[in-house]
Amino acid sequence: MKEDNGLLEAQLKVGKVVLEQMLELIYRPNMRGVVMPFELNGYKYNISIVREDNA
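According to the working numbering, the sequence shown is numbered sequentially starting from 6.
To be clear, the hints were calculated from the coordinates, so they are not data collected in a lab.
Listed next, with one range per pair, are the computed distances between beta-carbon atoms:
#, residue 1, residue 2, range
1, Tyr50, Leu28, 18 to 24 Å
2, Asn10, Glu44, 17 to 23 Å
3, Asn10, Arg37, 34 to 40 Å
4, Lys49, Asn10, 19 to 25 Å
5, Arg37, Gly11, 31 to 37 Å
Every residue gets a Cβ at the ideal spot worked out from N, C-alpha and C, and that includes glycine.
Using the sequences and the hints given, assemble the complete structure.
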């Protein structure tokens, strides 16, 4: 049960960061994307979010 809580907590943290940055891209049309450093349980990641052009 404890492992499930840790996984859920990790998913919530990642989801929150991604959602915040997606909203930032919506409100700043001059930004094309963002790369965020992210650390979780001692592991380091880079999360990239890039806006697609509306063709």
